[in-house]
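2 protein chains.
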Amino acid sequence: MAGQVEIKVANNILPMKRNQDDIWSRHITTDIRPVDYFFIIDGGKPLPDPRSQFQPLGVHGPSRHVDHSPFHWEDNGFTQKPLSSAVIYELHIGTFTPEGTFVGCINKLDYLKGLGITHIELMPVAEFSGERGWGYDGVDLFAPHHAYGGPNGLKRLINECHKKGIAVIIDVVYNHLGPEGNYLGQYGPYFTEKYKTPWGRAVNLDGPRSDRVRKFFIENAVMWFKHYHVDGLRLDACHSLYDMSALHFLEQLADTATRLETELDKGLVLIAETDLNDPVFVRSQDMYGYGLNAQWNDDFHHAVHSLLTGEKDGYYADFGKTSHLAGAMKDIYVYTGQYSKFRKKHHGRPLNTFDGSRFVVFSQNHDQVGNRAKGGRLCSLISIEKTKVAAALVLTSPFVPLLFQGEEWAASSPFLYFTSHRDPDLAGAVREGRKKEFTAFGWSPGDIPDPQDSESFRLSILRWDEQSTLPHAEILAWYKQLISLRNRFRSLSCGACDRITIDYSEERRWIHITRDEMNIFCNLSEAEQQLSTPKASGDLILTSTKKIRLHENELFMPGWSVVIIRYTL
Amino acid sequence: MAGQVEIKVANNILPMKRNQDDIWSRHITTDIRPVDYFFIIDGGKPLPDPRSQFQPLGVHGPSRHVDHSPFHWEDNGFTQKPLSSAVIYELHIGTFTPEGTFVGCINKLDYLKGLGITHIELMPVAEFSGERGWGYDGVDLFAPHHAYGGPNGLKRLINECHKKGIAVIIDVVYNHLGPEGNYLGQYGPYFTEKYKTPWGRAVNLDGPRSDRVRKFFIENAVMWFKHYHVDGLRLDACHSLYDMSALHFLEQLADTATRLETELDKGLVLIAETDLNDPVFVRSQDMYGYGLNAQWNDDFHHAVHSLLTGEKDGYYADFGKTSHLAGAMKDIYVYTGQYSKFRKKHHGRPLNTFDGSRFVVFSQNHDQVGNRAKGGRLCSLISIEKTKVAAALVLTSPFVPLLFQGEEWAASSPFLYFTSHRDPDLAGAVREGRKKEFTAFGWSPGDIPDPQDSESFRLSILRWDEQSTLPHAEILAWYKQLISLRNRFRSLSCGACDRITIDYSEERRWIHITRDEMNIFCNLSEAEQQLSTPKASGDLILTSTKKIRLHENELFMPGWSVVIIRYTL
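Sequences listed follow chains A and B, in order. For the first sequence, the numbering used here puts the final residue at 593, and the numbers step up evenly by one. For the second sequence, the numbering used here puts the final residue at 593, and the numbers step up evenly by one.
Derived by calculation from the structure, the hints in this document are not laboratory data. Treat each hint with caution, since some may be false.
Any copy will do: because identical chains look the same in the list, a pair fits if it lies in one copy or spans two.
25 Å max Cα-Cα, derived SDA-like pairs, lysine to any residue [unchecked claim]: (1) K218 to R233; (2) K218 to L208; (3) K220 to Q210; (4) K239 to I31; (5) K105 to Y528; (6) K369 to S109; (7) K220 to L271; (8) K460 to Y528; (9) K239 to S364; (10) K220 to L300; (11) K218 to W488; (12) K398 to L500; (13) K220 to G209; (14) K336 to G124; (15) K179 to D60; (16) K187 to S109; (17) K369 to L271; (18) K365 to D235; (19) K137 to K504; (20) K218 to L271; (21) K218 to P203; (22) K354 to E30; (23) K218 to K368; (24) K220 to K368; (25) K504 to W488; (26) K368 to R75; (27) K368 to R233; (28) K354 to G562; (29) K365 to P213.
Turn these sequences into a full structure, and let the hints guide you.
Here's what the structure looks like:
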């Protein structure tokens, strides 16, 4: 434990005082604006404040005091749409617009609104090392990234979103901190040696002195909700939040959000990323769950991706059949206890809830795209026809659909892995690690883009001008139609999976999903197929190609096509 | 993974064959009896079988094939008493009798029966390094220890127990393996680096290839139930069973036991040792718990021990008030979310079940006694009067009482920590570790008994001949009276805590526990006290001293005394 802590403001170094709870503080009055400061522990190197609200010069620089009160919020009365009627749009501030800033996004809100988006989800915005990065290496968790425009930029973006009726979810990483600029461990027992994560030391959520560690993260969530008017948090990699406490950290967080809903008089959502296929995350607290609002469901993605691409590497080894897609639609988790080849173990357990609004699905996201060697989007791997089928499966599913920036026009830009670490050893390790990862899959090292190269970032910036060209315009129109249908027809938005009926043929590769009066037929094969519809008198609501024909109850579908037919019930 | 596995029988080394599931096997016919064998992996040193049924020469020696079928069981129709009316007696085979063997125990069964014991609980019996040890260092988990008499000895003991109507619980350690003779890791991915236990590498319950690791332990449990007719398992240190799988290992184990109950047509119990104060262990699977039958409740022990001894070290720092004892009686967990000074964090959560039969309590056990520098039993720390109070609190509690061998006569022998590791480095480390642990508490190193010294073991052997001398005979009579009362009056055995009423005075240090018509009054102070009873017409059922007087509703109690009064309801 520290014997002495000082604060350095301008060139003054002033001693701080420890209270009985081992919290060091000091009241400071100064005329200097802005107030930039460091802490000095036991006479060491000046360190930024781990609760810094702003790091104008990056992770190693001084912390800047931020007064949240002057911001002029204009979003009074804004209420987010419930997840049951949400369409989420995941975006990365740095590459979403040419500006690469929070404020730059504001220009795109009308577009997103027009697309039918209800929520944007920002990839992590907390200060990470350098200017370019995905954000999962964040180290100053309370400080919106300086390169994105800092606290004020984020507030302006959220304010404008709310004015336009769009809610904002932020991706937060509570399972580890990034490798560079991570001074948190010097301030207290924030990390533990008891557990390991793939990305570094695990956070001490259940050991001695963990109360304040938990509080640190809980207060981080509270800050986003209170001071930034954020509507929801996406909680990164919850499978790496190791906590044997009787009250799990996520349950405590959910309790906090529930109390805050009353205080703020608005709905707040917590969405877990977890690959454990364990219902405990979304089960209500009445039923001994953590009571989160929703979780990402990777099984849905894997089922769709493997069917469309035929890929069998990594986790796709566990998927690839039409039955997997049917399982994802009906049972939500495809793996409910079966043996997983990828995991080399039995995996998951059945859900007892079939409330689709508790599961976020996607045909791609930052991870699925960016973790490919060349950041290839789904559309770069498959035909336009298949791209349309993927979109339809997501946007007519009974789950909460999430699109990844640019997906809606089959953007030509990749989403590469990019970093801008300053530490040369770390930069080298990241570069080599990436090469090693993909050469193991048969790639030649020279073909692997260098994450540290600014070109990897630059290439990943969306090219908005391509939207109006073919085939992008056609795909965009398709997405717009699908979202519009979903928003128009209650039967197409989130639903209870036990109300869905599913027919499929593994051999012929087609699937027919019935959602009340809406019937979605997909031909998942290269061959044209003739299918029988349940009734004769259906309306063709949407077809992915004009070649689809419906005659009485005979449906002619070319290879890789999808149609929505409506029957009067 | 091994490229070649051979079996060595007598002096023949024979190749084995791998099947598609990576299991190596070979059928062997031999006239040699007994069949002793080793396995040789990739031409290395001959190793014992990690599933060995018997290690006649210890952990490094050959494994002996055991045919379980010839044993002549005579316990057909035996049914264990339900935990709700159980009195458990924990014993350590090596020190319970002068013989130190399973068969040696048989001579004491009439005594235990006469005492009113329904279950004996054997400290771990699986093969550990050397001849002397507590058993928590077991490495051949399927092999009853050779020094105790091996498989046949254990079967004979259990057979005799069942013939006398006594059930047998075995303490099993599934969270780690001992440090010497632990060859398991060479046979497969049994351990993980993802988690740490205080005693060594954690068991791989949720990583790649963990299915068979789990099966290894599940089949171990099944073996005890099927081949040894064991009635229950006490699962050591469940707080160190790290498992993020959607189906927790303990739930899988409970499922297995439930299925086995049908197959064997008898009840089986699983009792967790856990200090997490988390209801999940004993909550039913209907309510998303693991569905174990019971758990040890250390809080009860700590509340009693600290009240009686005034000790404040270690976990006793969190206890010491009459209110803690009242909490343990009524809420079961004393820590249901409060801050624990010992743990330096908030701890536990409230129980939703108040079924006392799900909680095993004790005023001492092998750990509480043996983990003291000099293995001092509770009776060696406190007066006879207090000893009687401790016994009454345990044996009139609504929980499942557990006695530790010799407790019932305030045995004069300590229960020291003893080991007999062969590896000199390990032996030295254990010796020095023990010294270091206690010198930190102010002990002089010369005063700490050496665990490796056979004297530490010898001193721990019970002295049965002292039973008839004072004060032992008086204490024994007291225990017999209490157990007899508990077994006679339904209102004194396990109950629902929400039916208990408790009055106490923190200042005056008395407690009054009402269990239906039975009223237990304890004076927990040095001073004589006068208490008011709720009614005038009570029967004095049991008094710890003749000095207790009841006149109408005035109760006179000398310091540290206890009385049971019965009122007609």
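Verification of the supplied hints:
no., hint, result
1, K218 to R233, "both (14 Å within a copy, 22 Å between copies)"
2, K218 to L208, "both (18 Å within a copy, 22 Å between copies)"
3, K220 to Q210, "both (19 Å within a copy, 23 Å between copies)"
4, K239 to I31, "within (23 Å within a copy, 56 Å between copies)"
5, K105 to Y528, "neither (33 Å within a copy, 54 Å between copies)"
6, K369 to S109, "neither (36 Å within a copy, 40 Å between copies)"
7, K220 to L271, "both (21 Å within a copy, 21 Å between copies)"
8, K460 to Y528, "neither (40 Å within a copy, 68 Å between copies)"
9, K239 to S364, "between (36 Å within a copy, 16 Å between copies)"
10, K220 to L300, "both (16 Å within a copy, 21 Å between copies)"
11, K218 to W488, "neither (47 Å within a copy, 44 Å between copies)"
12, K398 to L500, "within (23 Å within a copy, 78 Å between copies)"
13, K220 to G209, "both (15 Å within a copy, 20 Å between copies)"
14, K336 to G124, "neither (35 Å within a copy, 59 Å between copies)"
15, K179 to D60, "within (20 Å within a copy, 75 Å between copies)"
16, K187 to S109, "within (19 Å within a copy, 67 Å between copies)"
17, K369 to L271, "between (28 Å within a copy, 12 Å between copies)"
18, K365 to D235, "between (39 Å within a copy, 12 Å between copies)"
19, K137 to K504, "within (11 Å within a copy, 79 Å between copies)"
20, K218 to L271, "both (18 Å within a copy, 22 Å between copies)"
21, K218 to P203, "both (19 Å within a copy, 19 Å between copies)"
22, K354 to E30, "neither (59 Å within a copy, 49 Å between copies)"
23, K218 to K368, "both (24 Å within a copy, 16 Å between copies)"
24, K220 to K368, "both (20 Å within a copy, 22 Å between copies)"
25, K504 to W488, "within (16 Å within a copy, 87 Å between copies)"
26, K368 to R75, "between (40 Å within a copy, 22 Å between copies)"
27, K368 to R233, "between (36 Å within a copy, 5 Å between copies)"
28, K354 to G562, "within (24 Å within a copy, 65 Å between copies)"
29, K365 to P213, "between (38 Å within a copy, 16 Å between copies)"
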